[in-house]
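S.K.: Chain by chain, the residues run as shown.
2 protein chains.
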Amino acid sequence: MSLLVIGTVAYDAIETPFGKTDKIVGGAATFISLAASYFYKNIYLVSVVGDDFSMPFLELLKSKGINLSGLQIKKGQKSFFWKGRYHNDLNSRDTLETQLNVLEDFDPIVPADCLDPSFVMLGNLMPSLQMKVLDQLKGKPALTVMDTMNFWMDTAMNDLKKVLSRVDVLTINDSEARQLSGEYSLVKASRKILDMGPRYLVIKKGEHGALLFNRDEVFFAPALPLEEVFDPTGAGDSFAGGFIGYLAKTNDISFENMKRAVVYGSALASFTVEKFGTERILDLSQSELENRIQSFIDLVQFDISLV
Amino acid sequence: MSLLVIGTVAYDAIETPFGKTDKIVGGAATFISLAASYFYKNIYLVSVVGDDFSMPFLELLKSKGINLSGLQIKKGQKSFFWKGRYHNDLNSRDTLETQLNVLEDFDPIVPADCLDPSFVMLGNLMPSLQMKVLDQLKGKPALTVMDTMNFWMDTAMNDLKKVLSRVDVLTINDSEARQLSGEYSLVKASRKILDMGPRYLVIKKGEHGALLFNRDEVFFAPALPLEEVFDPTGAGDSFAGGFIGYLAKTNDISFENMKRAVVYGSALASFTVEKFGTERILDLSQSELENRIQSFIDLVQFDISLV
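First to last, the protein sequences are chains A and B.
Our numbering applies: residue 1 is where the first sequence begins, and numbers increase by one.
Our numbering applies: residue 1 is where the second sequence begins, and numbers increase by one.
Hints are computed from structural coordinates only; laboratory data are not their basis.
Note that beta-carbon positions come from the ideal geometry of N, C-alpha and C, so glycine has one too.
Hints are not guaranteed to be accurate.
Computed footprint of chain B on chain A; a stretch qualifies when at least three of its residues, placed anywhere within it, have a C-beta under 8 Å from a C-beta of chain B [said to hold, decoys possible]:
1) 183-190
2) 200-210
3) 220-227
4) 281-294
In isolation and in its complexed conformation, chain A is listed as follows (with noise of 0.2 Å):
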């Protein structure tokens, strides 16, 4: 068994209001791959960096259960690179500057073994990228779970709507569920999405919590409350980490177990706003993490005795 995690590794620099940083590490599938570690440890991580990239943050990868025989690291060449700038409600953010880098000719390559994995986590990238890392695979993963973002709806929607056709499960957001299906109410765009392909849709709705639809049934969690979300860089990534860890750590696809996987993901999130980028997932304790997934449990738990 094996955990196939394909994305971003990259630099970021980011401006919030509560302060700015240098480049610091990022990138979709660093937080997937972090967030996952904590529960599985036969992850593959596929993506590529530049010889920039800082060979210590590489290492501690590996010393967290991550393989990175996949991760193509290009000599002479810059690693991805996003600057942006949250709004004061952190809820919105602009891009300063984007340079693709060693992103522009990415030619994903998933290492021979590996070929077969149980769990396939596509993070946000050009669709055409995680369909290469599809066509490659060479049995049916358990699950396949595929993120992405309104840019690639934007621009790429033919090849978008490909992926999600072979895809299990899909996390996006809920601007982005409305986008997608063309639907206001989410209920009704739970729907579409699900005609498209997916068997599960899971709408993040960041301070507002997540929701987990399949056919006939709908599950919410919420996010927990926070004092300060101080860079909301990776939440999304983190919950998806968060969340396919958790299943590929269970090996259960029920519903009733992607319910618990979802308030795992929701516990992961919440850790990395707390602090610039990776800052907080990489060093967690497993107390910190139980008592995040208590505080949880606390905040929706009511008892109503229908008689």
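Assemble chain B onto chain A, guided by the hints.
M.R.: This is chain B only, laid out in the frame that chain A set:
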């Protein structure tokens, strides 16, 4: 034991993306009393209407156990009228017309047999009028709940804070909580608002659910994901009515029971938005209500055992 409700009884004309109405019955106290009447019968409504108001509707309220001896009917005057248009997302609206009419010189008078109520619901109204009601009371109610809105924060903040210092529970929406406290984080906002007097704070987030805070605890109740939100008018008032009606019925103001009350309030609100005005909550059956509560339980129920 009795439940005293103050607020508007009014006419609304509403436009939504789904249709428009001529004058229909609305008003905070109308929604509050109707919602509360599903749980509790000894309700006193204090308000004012003109003699243009529908007498059959007043008879209907009486038939629900709502005492109207505190409802002033002004001969030759017209009832408060509000006309509004909701935007496509139903989260924002424009006021097209406001006729204060009888509200202009409303002097609320609490009936002699309700001067010592156990529960008091101050519906959204000019804070000085809410205060006039509190000033007439003889005993100390078990629980006083105050609803208000941004308009009063803009125009009568001093009066609003005086009322706030005398109530047990405040119900407002998230942007109002931020305005009142000057804090973006709802956790920080709750602390500042609890410093202003109330022991409990309910933050209503519309389609994103509701948060209940006291000094040490927080509870989150989701909103039910609905196929279609038809008309949001009265949702917050229906929430407040279900909330205080359930508390009055059970006569238990512990945090645990307040959590249940938030769920019942959310259920009543989820019915109200399904049709125009009060239509959907005029005649709910017990089984409709119980099925809705069960939907709330199913929506958030998950089972994680931390060892």
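S.K.: Against this structure, judge whether each hint is valid.
M.R.: Against the structure, the hints:
1. 183-190: Holds, because 5 residues of the segment 183-190 of chain A bring their Cβ atoms closer than 8 Å to Cβ atoms of chain B.
2. 200-210: Three-residue rule met by the segment 200-210 of chain A, so holds; n is 3.
3. 220-227: Since 6 is at least three, the answer is holds.
4. 281-294: holds (count 3)
No hint from the list above goes unmet by this structure.
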